[in-house]
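Colleague: Sequence:
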Amino acid sequence: MKTLIAGIALFGTFALASAQTITFDKTTFDYGVIKPSSDGNRFFNVTNTGDKPLIISNVKPSCGCTTPEFSQDPILPGKSAKIKVGYNTATPGAFNKMIEVFSNDPVNSRSVIYIKGDVNANAPEPKVLTPAEQKAAAKAEKKAAKTAKKVAARN
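When the letters of the sequence shown are read in order and numbered with mature numbering (1 follows the signal peptide of the UniProt record, and there is no 0), they come out as residues -19 to -1, 1 to 136.
It cannot be assumed that every hint is accurate.
[Stated by the list, open to error] Listed next, the in silico DSS-like pairs over lysine-lysine satisfying Cα-Cα at most 25 Å (straight line):
#  : residue 1 : residue 2
1  : K78       : K33
2  : K78       : K116
3  : K7        : K41
4  : K7        : K78
5  : K60       : K16
6  : K60       : K33
7  : K97       : K124
8  : K116      : K33
9  : K63       : K116
10 : K78       : K41
11 : K33       : K7
12 : K7        : K124
No lab work stands behind these hints: they were computed from the structure.
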């Protein structure tokens, strides 16, 4: 009987190890201090670090001031997708919002990501990036996502 239970437990461990796994490039996006009515759209990168297709079934914000957009198309192993999160920046004040992400990841079927910031009329004007700065920022973001994949693969 003990052998049977050990065998079932071992099989379950292997089954989970060979499944779809959701990994985020970051779990909190800090808007910093922004002006009222400024662009409230931000993106979270989601990577499937497993070996089976990952499907995001729902993305649920904690309030009506936050609107997510996502695709339910399968994310193939090793591939990434984006979750767009829009925040209504019309109301001044600090904010800290939770967004639930539901997927077919057998270990993390419900993941939580956050947005935070402060809508303030005295916020500095956003800096317009040169093409070289945009390229450097994109390169840094890719490097961070690659590092996150390596960390997730080790865990």
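Colleague: Each hint needs a verdict: does it hold in this structure or not?
Modeller: So, going through the hints one by one against the coordinates:
1. K78 <-> K33: violated, 31 Å
2. K78 <-> K116: violated, 29 Å
3. K7 <-> K41: Answer holds: K7 to K41 is near 17 Å, not above 25 Å.
4. K7 <-> K78: holds, 15 Å
5. K60 <-> K16: violated, 35 Å
6. K60 <-> K33: holds, 11 Å
7. K97 <-> K124: The given pair, whose Cα atoms are some 23 Å apart, holds under the 25 Å limit.
8. K116 <-> K33: violated, 32 Å
9. K63 <-> K116: holds, 19 Å
10. K78 <-> K41: Distance ~11 Å between K78 and K41 Cα, so the pair holds.
11. K33 <-> K7: holds, 22 Å
12. K7 <-> K124: Holds, at about 12 Å.
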